[in-house]
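K.L.:
Now for the letters of each chain:
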Amino acid sequence: MISKEKTAELEAIAIKLRKHVVEMTCAAASGHPGGSLSAADIITVLYFHQLRKDPKDPHWAERDRFVMSKGHAAPILYAALAEAGYFPVDYLKTLRRIGSSLQGHVDMLSLPGVEMSTGSLGQGLSAANGMALAYHLDKKAGRIYCLLGDGECQEGQVWEAAMTAAHYKLDNLTAIVDHNKFQIDGPVEKIKSLTPFADKWRAFGWHVLLCDGHKIEAIADALEKAEKTKGRPTMIIADTVKGKGVSFMEASPLDFHGKAPTEEEKDKALEELCRREKK
Amino acid sequence: MAERKMVATRDAYGLALAEIGKENPNVVVLDADLKVSTKTSGFAQAFPERFFDMGVAEQDMISTAAGLAAAGKIVFASTFAVFGSGRAWDQVRVSVAYTRLNVKIAVTHAGITTGEDGASHQANEDIAIMRALPNMTVIVPSDSVETDKVIREAVKFYGPMYIRLSRPKTPVIHDNPNYEFKIGKGEVMRAGSDATIFACGLMVSLALDAAELLAKEGVKARVVNLHTIKPLDTELIVNCAKETGAVVTAEEHSILGGLGGAVAEVLVENAPVPLARVGIKDTFGESGTPDELLAKYGLTPEEIVHAVRAVIKRKK
Ligand SMILES: Cc1ncc(C[n+]2csc(CCOP(=O)(O)OP(=O)(O)O)c2C)c(N)n1
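Residue numbers (the working numbering), protein chains in the order written: chain A, 309 to 587; chain B, 294 to 609.
So here's chain A without its partners, still in its complex pose (with noise of 0.2 Å):
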């Protein structure tokens, strides 16, 4: 269980988060502010409480590995990686520029920190398998995490790694879901409906749990429970919301998913949370 000083301390940094998000999209003039806002709070439970990681020497063997599948998601990510201490939170301004290493879409290459290129949804589970096959036959102790969205499950490759991760029984490996309900076109229920959702993972052989993925405790909880998961990987359906903690981002969702806030909308954003923070 997670301490109450460690939960305040927690939400104050996804508050951070967050704010960087409406901020770097802002400058960058283009971006995906919603589907970073969902995910914040999980991000923030994985950087600043649940990985094994060293900032100062990122490619440290034994490290724990995350996977941003959802590649879009990138500023939610760089806003982590910045607080984290793995480069100043001055260069968050260069989002999307030209010779910027915080590309549109994350790229191992160009930032330390960042342990796969996406952006082509659906292929980031596959390589998360990938690593945690790796550090099986290594007997490494470290474990591999993987976020993807809800709707890029319509991808057919998520649900081969499902199959792979389940048959190589790759306990070292928790996947989350951002289960913000919504995709570019649409409701993700309208488009392509994904129900069962969680009947599916089950089906595929996965340990899966449900969490409210803005409860710090509750995201913390879930990744617990998953790594003391033998023999299967663990699945956490993060219930969502998109554009998380900007009330006219949560809603017009479909208005704010690759699409930035003006300046007027950042300051309205961000005065929002400052409220919040200062609560």
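Honestly, I wouldn't trust all of these hints.
What the hints assert, rightly or not - Within a straight-line C-alpha distance of at most 27 Å, the following computed DSSO-like cross-link-like pairs (lysine-lysine) qualify:
no.	chain 1	residue 1	chain 2	residue 2
1	B	K315	A	K448
2	B	K298	B	K589
3	A	K448	A	K533
4	B	K449	A	K447
As the list claims (entries may be wrong) - For each label pair, taking beta carbons as the anchor points, the in silico distance ranges come out as:
no.	chain 1	residue 1	chain 2	residue 2	range
5	B	V349	A	E532	31 to 39 Å
6	B	K449	A	P420	22 to 30 Å
7	B	V481	A	V397	52 to 60 Å
8	A	P504	B	D584	48 to 56 Å
Rather than coming from a laboratory, the hints here were simulated on the basis of the structure.
From the three backbone atoms N, C-alpha and C, an ideal C-beta is built for every residue, glycine too.
Dock chain B with the ligand against the given chain A, drawing on the hints supplied.
P.N.:
This is chain B with the ligand only, laid out in the frame that chain A set:
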């Protein structure tokens, strides 16, 4: 024409892989339900803990290979050429090429000599789509001896590689076991001053046969084994073009975008000389025996001879 020993490059691949498995515990092998055909079965039997059958899931296989490589493994991923290139192209592009990870995509049953399985299984476009990828090295070994060397070099070389192998037994044209294979360096296999034939894969042996036929009519054709399509040995191509004044390419692949396309690009920019491309003429194949198909689709010494005569005629 010389009687040559016949060995399939896929067999040489399987043997090399099993030996490398002994020498290098860091090598892992993935296959997509074709281990008996691709010949990864030898490695699978010897090192079951380092062999992963991914089932009929080529896209998953390629991205999984990338993950294994990211965690430090030297990965060979095998399937038929059509699937390893086309079916999983976006996975090769983003998970392997963009990341410059150490994955060797070693595919078999390339080209029309896949034979009886027909057009769906005959990869005649794979060189074109693989060489278009940044960071990708593309190699087409000419025979089993060269294949063995390619696989050993591949283990030493860091980075993504596409290795294109064949199904049927093909002539062994390297009888010197000390032949030194170098990635990116073409091999002049026969001297000549009237024209140069650049070939890869099994077409190198047919080009040698063609040169023999041409010699009988007094034409001296140089034969170059261009086993590495990328990075291309541009220096050698330009020198040969300047020295012989006419060029023919020969490949078991579409004339669009493969070896012929690559050589044409170099010539047009550096040393424009008459060029003719021997290859599959922008069409799908069909079922048949490898020899029947080679004959029907114009992949013969005679076809190369015609092409050489034609380019020599076009010389100023
Ligand atoms: C293979 C592929 N197809 C299409 C896209 C374009 N695209 C980017 S994000 C997205 C929707 C993703 O929805 P979801 O996974 O639910 O992401 P989230 O809502 O969490 O941002 C699409 C279709 C892509 N990046 N990759």
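K.L.:
With reference to the structure, classify each hint as holding or not holding.
P.N.:
Hints and how they fare:
For the hint linking K315(B) to K448(A), the alpha-carbon distance of about 22 Å falls within 27 Å, and the restraint holds. With a C-alpha separation of about 24 Å, the suggested pairing of K298(B) with K589(B) holds against the 27 Å cut-off. Note on K448(A) and K533(A): the hinted pairing holds, with a Cα-Cα distance of about 19 Å set against a maximum of 27 Å. Distance check on the hinted pair: K449(B) and K447(A) sit about 24 Å apart at the alpha-carbon level, within 27 Å; holds.
In this structure the supplied range 31 to 39 Å holds for V349(B) paired with E532(A), their Cβ-Cβ distance being about 36 Å. In this structure the hint that K449(B) and P420(A) lie 22 to 30 Å apart at CB holds, the actual value being about 26 Å. For V481(B) and V397(A), the hinted distance range of 52 to 60 Å is satisfied, since their beta carbons lie about 58 Å from each other. In this structure, P504(A) and D584(B) meet the distance hint of 48 to 56 Å, their C-beta atoms being roughly 54 Å apart.
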